[in-house]
Structures are given as structure tokens and as C-alpha cells.
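Heads up: the sequence lines are chains W and L, in that order. 1 is the number of the first residue of the first sequence in the numbering used here; add one for each residue after it. 1 is the number of the first residue of the second sequence in the numbering used here; add one for each residue after it.
Simulated from the structure, these hints should not be mistaken for lab results. We put the CB at the ideal spot given by N, CA and C, even for glycine. Please note that the accuracy of each hint is not assured.
[As the list claims (entries may be wrong)] List time: in silico DSS-like cross-link candidates among lysine-lysine, alpha-carbon distance up to 30 Å:
#1 142/W / 173/W
#2 142/W / 329/W
#3 4/W / 441/L
#4 431/L / 441/L
#5 207/W / 5/W
#6 216/W / 33/W
#7 215/W / 280/W
#8 4/W / 358/L
#9 5/W / 358/L
[Unchecked claim] With the C-beta cut set under 7 Å, the calculated list includes, among others, these residues of chain W facing chain L:
#10 3
#11 10
#12 13
#13 17
#14 21
#15 23
#16 95
#17 146
#18 151
#19 161
#20 165
#21 221
#22 249
#23 250
#24 251
#25 254
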Amino acid sequence: MSPKKQLGFIVVATLLLTAVGSHFVAGWIGLPKPGAAFRRIGPQSGPQVFCAGSSLLQFGLAWPEISKALGQGMENWGIGGSSPSEWEFSQPLATNANLMIIGISVYDLNELHLANSRANVVPLSQTIQDLWSAGMSRQFSKRLLSQYPLAYLRQVFPTAGNSDAVLVGLRRKLPSKMRSAAAAEDSANSMVLPKEAVFEFGGSTDKLSEWDTAKKLRRLALMRSETQGEHTFGGPKQLALHRMLQRAQASGGNIVVVLPVAPLYAHEFLTPEVNLNFEKALTEVQRAFPAAQFVRLDQDTPLQSDAYFSDPVHMNGAGRDIATEAFLKALELPSQKL
Amino acid sequence: MIFTSFEFVLFFALVLAGRSLCRSLPAEKWFLLVASYVFYMSWSVPFGLLILATSLVDYGVGLGLNGIVDQRKRKLLLTISLVANLGVLAFFKYTNFLLANVESVATMFGLHLARWHYDIILPAGISFFTFQSMSYTISVYRRQIEPCRSLRDFLLFVAFFPQLLAGPIVRAADLLPQIYRRVRANIYEIESGLAQFAVGAVKKIVISDQIAPNVDLIFNAPGNYDGFTLFQGVLGYAVQIYCDFSGYSDMAIGCARIMGFHFPENFQMPYSAASITEFWQRWHISLSSWFRDYLYIPLGGNRKGETRTYVNLLVTMLLCGLWHGASWNFVLWGGLHGVSLAIHRIWKHWNPLGSLMKQPAFRFFWTPFAHLLTLGIVLVGWVLFRAQNWPLAVQYLSRMLSWSHEGVHLVSPYILPAVTAVFITHLLVQKDRNWSLEIPKRATHIRIGFYSALVLLICLLGVTDSVPFIYFQF
């Protein structure tokens, strides 16, 4: 074999072996496949409620109770770490919806926090259009657009760019004897999604207030590394939110639930400037959609405690109960003022 | 455009394809020159003009030096080049540092000056390209090389994209001859270049970027942590900066080799050094040899007596520290290394253990001690280097060295495995071997296994939201 052919053979064999290895690890640790997971609850007949939100909304409210209170079935297409940019593409799937409940938070609407499978859901043309319309920075645009080649690469190497998920998966799989104390602690708190297609996420008993300081610091460091500790609003996510509300308004009604984050997260990342910008973004939405009902759970005083959160952004079972009660109460009242 | 981005992969593929289409050597050089400026201007367009301006000065000085015999005029020309390069460097890098120090001194004398601070953006890689360019004019002045007659070739020498942003600082004597002739990589060089690039990518995105958030966490608030955590933090930083910078160098050398260009190695297992002198022969080799040849030796080196040698060492290392950044922390870091180098030199001359060193049993215990002592000095240096300011550095060192039990005890699941992997590699691997050159000579199945392991590591543990290389800020 000539040296040229030999190098060609080595390159092909290397890529092939790597692809096999990557698929094997992805399967072994149960790496979630990109795309939405459909879940529903309540009566199947009649108009449905389309629930759009990330895991903050899914874990934050007791959906069976809400379905019962509204007397309607509820549908949700869940995507890990998602935001309006991704939910927008589930909206046309809810063909029989007369109401949209959309859950947003300062964490979800942060443009710098990107869903891992965004490029699998949002077409490139839409992303370019949104980046252009929102006048986003070159640095951010590069970051967002680089997700597209990565999505293609993941067809062959599913673990590429998923190092956090791989590390968590490996720690779960490794025999308990081999785990370090810190690793076990970290994985113990990871969110467990329901295996069935039922829109009921249960209530976690973990309490952020009981985390030791080291664990809190490690988690905050991970969150900081993703966004450089910054929050920006008014980009592609905001544009997608407007489009969703517009569509939902045309086919029924809108309830916008503003979800809280843990005081730990707020203390670490939410400067007065960030809070002000978030409020500006919400005001803009409310001005554009005056008919939409806003439920501000983030301003609900009882939830201002780390004891009601299972990690810096997700509510636990106790938090969920308080939030659900407040949500149902708010449905009986006219829209809360921002 | 950093080496680990999709953007660079696309850029490099286009460069390789475009270059192969160039039929003549001049066309190829023009193509590489344009590509290099596009690469740099992807960071900032105006700063592309800055490189062009300093390159034009040095090109002119080089030509001028060739035609002049009068030594005073030659010195004047060299001074123009040094003032231009160091002036640019001083303006962009040291203006605010200088103003802040003037203000502090004035305050000490009871004068209250208005607070001066200018928002000056530091051009990426300025310390590297100015030093590379200065090495050319100094070499021409010393008549070590002929001046470059082609402006295009000279511009390409300064701006050649693989080493432009963070080195290695390639001397004119090494790179210009490769630019003058048409170089092409053979299959072996392409394979070893790819291997070196992959090793660099593993160092950068699998190790350095993975541990960076935890290291930052510890260094940002050292007062919050106990001694163990702080020790872990500095070990983590030692690994982070090594993998970040040597990873960049590996990728730069790999890219160049794929195109047929040969750059000198910049790192050679530095943490395996048994003395601080050996450390500097293995850490950032292109910079330490630059300072040796263009500062230490002109100052007199070791030719003007022992005391002067120690002063020269100290001055060289203080300036080396200042080269890294406009802060007293960097100066102190340089000072620590300068003093350590001087002490090591005294020790070698004194040689109190000369007879004992001949006994294998003594050497058995002494060698690990020498390694640990060297590593200890380097780690203390990294605290000064990384800490945000002097009080935080003092706090860090005092809590770490007193092994404080107060504060948060944090065991990072990222830092410890990375530190273990890197230090085991330093211990087990023969330190003067270059694996990227050796692997392509091995049997096919070994090569496939080695490359698959590298690519799989990138696929499993690589951080895709890559942070810029640490040395870009220098």
C-alpha cells in the first residue's frame, strides 16, 4: 500500500472506530437523543392546552392538578434546556389547542444560555434571520451558528460537544465503589425525567438549602462557565416568544407564567441591571400582548427560599405545591400587573 | 478564530485547497499572506493595519541596515525599530499600568492627581509578533542573517497565521528560508502534523477548558477555601496553563507542518524538570531563548563576573515577567524565577553534594526532592501569576502554605483527574521524546489505536464552547 493510501486508510479507520466508540458510550450512558419528547395528561377529547416551557416549568407546576382545574387535556413537547426558540417549533404540533401556558424565567430567557439541541430544532435560516433582526453581536452569532456544524457532526459522533452529559452519565454508570464523594453528590441531584409519555414530573425532595457550600460553588461555577455569568435579553429568544404569543393569540388565549429561580442563583447572577433588563423584556411582551395573562410566580414571597428548590433553578416538590396553588389562584384573578 | 473552532477548520481547509491551486511560488506566498491577514483581521480589522505598520518599519530598517557601514547610523536604525516595536507594545499594554503607578507614587508624596485610565484594547498576540519582528532587525543588525528583500515575504514572515497569535516565536533565520523556497509536506509530515494538532486539541478542549471553571472558582475567592482546596487550585492552574499554552503551540506546529513548514518545539514536559534552570529549558522555549539571546547575552550574560551574571538573570526574568502582563504580580513572578535561577547557579558552582551525588543511593532520594522543590517554586510562581492582585496572592499563599483548615473544603471531580493524568504523563513518558514525530513511524494498528483514542477523547470530553487561549492576552 502506498503511504498516501495508508494514511487514507488510517484516517478512515480512526473516524470509524471513534464513531463506533461514541455511539457505544452514548447508548451505554443513555445520552438523550436530540429532539422533543411528547408528553400529555388529562382528557384527550376536546380542545387541549399547549404547555410551552423548559424543565423549570415542567418540574415547577403540578400538571395533573392544573389539568383537573381547567378541565382540559395538556400537551407538552419537552426539549432539554430549551427556550422559546425551540418551543416555537412544537407549537404547530398542538393542532387542537385553544390555550397556551408558556413558562419563562430570567434563566430561560437569557440569550447566552443555549439549548444543546437547538440546531436540531431551529432551522438555520430562522436563526440567521433572528440574529440579523435582533442585531446580536458577532461573538454571540458565531457561538450560535457553530451549533449547526456540531449538529451534523453529532449524526456521526453523538457525544461530540456533550461533555457535561457524558461526564454525568459516566459517573452514574461507574460502579459506586469507584465514585468519588463529590461525583456521587453531583449526580444525585440531576433531574430525572419521567420515562412514560405522561405530563407529570413528580416532586423532588432535594433541597438546595441543604447542599454543602462546596457543591453549591461547583454548580454555580458550571453555570457561570456557560454564560460567563452574564444575562442578556432581547435576542432570538425574545423574538420567538413574540411570534409564539401572536400565534397562540390568534387561536385562543395566552397565559405567561414567570417562574422563579432560587435565591442562591439570584444572589450570584442577578444584578440590579440584569433584573431591570428582564423587567424591560417582560414589559415589552405585555405591551405587545395586553390580552395575555401574566402570572408572576417569581414575585411570590413564599418561594423566595432555597428550601423550595432542588437546584439553583428548579423547584422541588414543596416549591411546586406552593407554585401550583399560587398559579391556580392567579387564574381566578385578572392579570397581575408587572 | 481559534484553532479549536469550526470556523478555523473551514478556514484551514480552504487555505490548503487554495494553496494547492497556486501554480507559482509568488502566487502561493501572496495567497498565504492574504490568508494570514484574514485570519488576524477576523479578530480586529484595525489591528491588522497595526501589524502592517510595524512590519513596514522593520522591513525598511532591515533594508537600511544592509546598505550602511557606519556603526552609529546602524545603531540609530536599530533604535528606530526597537522604539517602534516596544513603543507599540508599551502603548497598548503598559499605558494604564504606568499611569496607575505614577498616580500611586504621587499620592505617596501627597500629590493628588486626576485618575487617568484609558480604555485601550490590547491587540491579540501583540507581544508575540513584536518580538518576532524585533528578532529580525536585531539579527540583521548583528549580521547573522541577510535582510529580506521582498516586502511580501517579510510581511508573511511576521503575519504567518499558525504562530501569529501566541507563538512559538519563530526566528527569522528559521522561518524566512522556508518562505523563500517552495515547501511541501510529505505524507509523513502530514500525518505527524495531524497527530500534533490532535494532541494539542486534547490538551486544550479536553483538559484545560474542562478544568478552567473550577480553577477560576478557587482563584476568584481564595479566602473562602481551606489549604487543601487552594493547593488543588494551584495544581489545577499549573495543568490548565500548561495544557492551554502547549496545546496552542502543538496545534500551531501541527498546522505549519501539514503545510510543510517546520517550527521549533515550544514545550518539552516542563513539570518533569529537576531544577528551575531545566524548567526554563522546557517551558515556553521560544520565549526563554529569545530573552537569552536578545537580552541576557547583550547584558553581558555570564561573561562579566558572577555578581553581574546574577543581576543579568534577575533583570532578564523581571522583564520576562513584565512581558506577560502589565501588573506587579507578573513582575514578582519573574523576580521569583530570576532569584531561583540565580540561587540554582550558586548551588551548582558551590556543588556541596558533589561527592554524595556519585552514590546511587543518595541520588535515589535526592532526585525526587529536586523535582519536588522545582515544582514547589513553580507552583508558588503560578499563584503570583494567576491571582487577580497582590493582596489576593498573599492571602492565597498564606492560607495554602499554612494548610488552613478554615473555609470550604472542595474536591473538584475535574481538577484531580486532570492533574493526575498530566503529572503521570510527565513522570512516565521519556521527557525528550516527541510522540507526534514517533507515532507515524509505528505499525498501522498502533497508529489507528492512538489516533482513535485522541479523537474519541475529544468527542467524549471536549468542551465545544471553547474559551480563548490564556496566552492570547499576553
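Minimum beta-carbon distance criterion (7 Å), residue 251/W to chain L: Hint violated; residue 251/W Cβ to chain L Cβ min 37 Å, cut 7 Å.
30 Å limit on alpha-carbon distance, applied to hinted pair residue 431/L and residue 441/L: Status holds; Cα separation ~19 Å.
Hint check: 7 Å Cβ-Cβ cutoff, residue 10/W to chain L: Status holds, d = 6 Å.
Minimum beta-carbon distance criterion (7 Å), residue 249/W to chain L: Check failed: Cβ of residue 249/W comes no nearer than 36 Å to chain L, outside 7 Å.
Hinted contact residue 17/W with chain L - closest CB pair below 7 Å: With a minimum Cβ separation of about 4 Å from chain L (threshold 7 Å), the hint on residue 17/W holds.
Agreement of residue 4/W and residue 358/L with the hint, judged by alpha carbon distance not exceeding 30 Å: Not satisfied, since the Cα-Cα distance of roughly 51 Å exceeds 30 Å.
Restraint check for residue 142/W with residue 173/W, where alpha carbons must lie at most 30 Å apart: violated (35 Å)
Interface hint outcome for residue 3/W [beta carbon to chain L under 7 Å]: It holds, given that the least Cβ distance between residue 3/W and chain L is near 4 Å, below 7 Å.
Interface hint status, residue 13/W versus chain L (Cβ within 7 Å): holds (5 Å)
Restraint status (C-alpha distance of residue 5/W to residue 358/L at most 30 Å): violated (53 Å)
Agreement of hint residue 23/W with chain L interface, Cβ distance less than 7 Å: Violated, because the Cβ-Cβ distance from residue 23/W to chain L comes to roughly 10 Å (cut-off 7 Å).
Residue 142/W paired with residue 329/W [C-alpha distance capped at 30 Å]: violated (44 Å)
In summary, the structure is inconsistent with hints 1, 2, 5, 7, 8, 9, 15, 16, 18, 20, 22, 23, 24 and 25 from the numbered list given earlier, while agreeing with the others.
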